[in-house]
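Undergrad: What follows is the residue order along each chain.
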Amino acid sequence: MFLHQGKISFLWNDRAARMILAVTGTIMTIPSIAMFAFLIPLFGIGIAPALVGLTLYCLLPILRNTYTGLKNIDPAVLLAAQGMGMGEAKILWRIKLPLAFMVIMAGIRTAVVMGVGITAVAAYIGAGGLGQFIFRGISRANDKMVLTGAIFVAILAILLDYGLGWVERKLGT
Amino acid sequence: MIKLEHVTKVYKKSEGPAVADLNLHIGKGEVCVLVGPSGCGKTTTMKMINRLIEPTSGTIFVDGQNIMDVNPIELRRNIGYVIQEIGLFPHMTIAENIATVPLEKKWPRDKIRARVDELLQLVGLDPNIYRQRKPRDLSGGQRQRVGVARAMAADPPVLLMDEPFGALDPINRGKLQNEFLRIQKKIQKTIVFVTHDIDEAIKMGTKIAIMRQGKLVQYDTPENILNAPASNFVINLIGGNRTIKQLNLIRVGEMMKEAPPVVELSAPTVKARELLAARGKDLLFAVEKDGRLAGYLSPQNAREEGQVADVMQEIPNSITPDATLNDALSEMLAFGKGFVCVVDEGGKPVGLVTLGTLMKAVGGNDNNS
Ligand SMILES: Nc1ncnc2c1ncn2[C@@H]1O[C@H](COP(=O)(O)OP(=O)(O)O)[C@@H](O)[C@H]1O
Ligand SMILES: [Mg+2]
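Protein sequences, first through last, are from chains A and B. Residues 4 to 176 (my numbering) make up the first sequence, in order. Residues 147 to 515 (my numbering) make up the second sequence, in order.
Derived from the structure by calculation, the hints contain no laboratory data. Where hints are given, some of them may not hold.
Unchecked claim - Simulated pairs of lysine-lysine, DSS-like, Cα-Cα distance not exceeding 30 Å:
1) B/Lys280 / A/Lys74
2) B/Lys251 / A/Lys74
3) B/Lys427 / B/Lys506
4) B/Lys158 / A/Lys74
Kindly generate the complete structure, drawing on both the sequences and the hints.
TA: Below, the structure written as structure tokens:
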């Protein structure tokens, strides 16, 4: 009964999916400072390397959760959908995505919160932003400045997460 | 209506074929039951009919058309499918689940809504209560009912049902089987019904296809299979007492005796005594004001003074005319009396089955064989 899943899953190439997850997983283990340092020769300094680095980091939680969410759908549900004459696209939109929604959203929230933290670090390579306060505060040994930056970064992350939680509840019901 | 000709399926990386050179003709309005041990190819056969699996060789016709010439999506929308695991969509309401195929077929909204209510009623679920519920709020039996309703939604001429009552306890299964037979009498679909339970096959089938290791070993009516099993395999599959299994073939409605006279709960027992004496009976049914069965009285009970309601004996279980004599026997054994009451869907008494009825039924069949 599970053997059939491969055919009806749109993740037709499971091996490719797992490889991508392994690669993005490896990227995530690289410390952000090291990652930015590595990106500077390729993209210079400023916004560009920050965006590239951010994208790489955010990829994993979103991909992994999307994959897990779609993967964990009861195969019986998919078989029923297919057996009643729903097309692949219909099954994706009407069955798979709604059922995986919560898990995918959780991935997006993780990515956003993590992204805020990493963006702060990107100030180090001249991308500006709230992180500047922290780095300048450190170099000037100004505790208040560091604290201000850190608190605002934290507030931003909490607000974004809260907002996404609200979106999730709105769409999820 | 459905014709399988030399159909063979060999799965990749498997030694033998899962289905081997299968020939099967299923007439319009028939219930063909595929039965056999687990792994004998029942599900595979069924999935080939709606092209979820393509045969390695052979041809399948549905309604005279080679299914390979029909768009699979189109084909499936015209074949109701109840999968073994039910597979209701957990994020949709019961109404949305049932509306799946009509939505795909772009029926107008009003028509879909009316159809959903009609189907819920048909499978015995109050639309006002269940329409907006989610599958997780339902019991196993109710989910099976919704699964069947969903398959019938767009009124397809053909239904494929893969162990549709498999997940139920024996009592609920019996109930659903009887209801299903009642519905089928009305809708007259062509049905392929998969089960591994020979008793269910005998009860449900117009014809039974017995399979073993992908091959058809016997294809015949339940009567003929019971009377003339084609091989030892079939004999073993039928198992135990074949005479008792014959009881599965006979509906209570065909054999039941006339219901005893009825007396209202509020009547005095004098009335009951009069009735018993006048009709020369030894049993009376006590009924509510609206005619529903409430209990029974023996002449002994009727001898006491008072109201019928005070002296009558309770009836824990009754059966409907579309139950089988085997159900009747089970009820009798559970009830511990030599009779069981037959009531219609509204609970009104319509007949009586006694041990004598069963003896007659079994005796009659013995003479035939
Ligand atoms: N997708 C598949 N791939 C390979 N072998 C399968 C597949 N599906 C079923 N089989 C095999 O085919 C045989 C028949 O299976 P199935 O039709 O599911 O039997 P049943 O429904 O009668 O229990 C079994 O031996 C089973 O292991
Ligand atoms: Mg099966």
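Undergrad: For every hint, state whether the structure bears it out.
TA: A quick look at each hint next to the structure:
1. Of the pairs offered as hints, the one joining B/Lys280 and A/Lys74 holds, with about 22 Å between alpha carbons and a cut-off of 30 Å not exceeded.
2. About 28 Å separates the Cα atoms of B/Lys251 and A/Lys74, which keeps this hinted pair within 30 Å; it holds.
3. Between B/Lys427 and B/Lys506 the CA atoms are separated by roughly 20 Å; this keeps the pair inside 30 Å, and the hint holds.
4. Taken as a hint, the B/Lys158 and A/Lys74 pair is honoured in the structure, with Cα atoms around 23 Å apart against an allowance of 30 Å.
In this structure, every one of the numbered hints holds.
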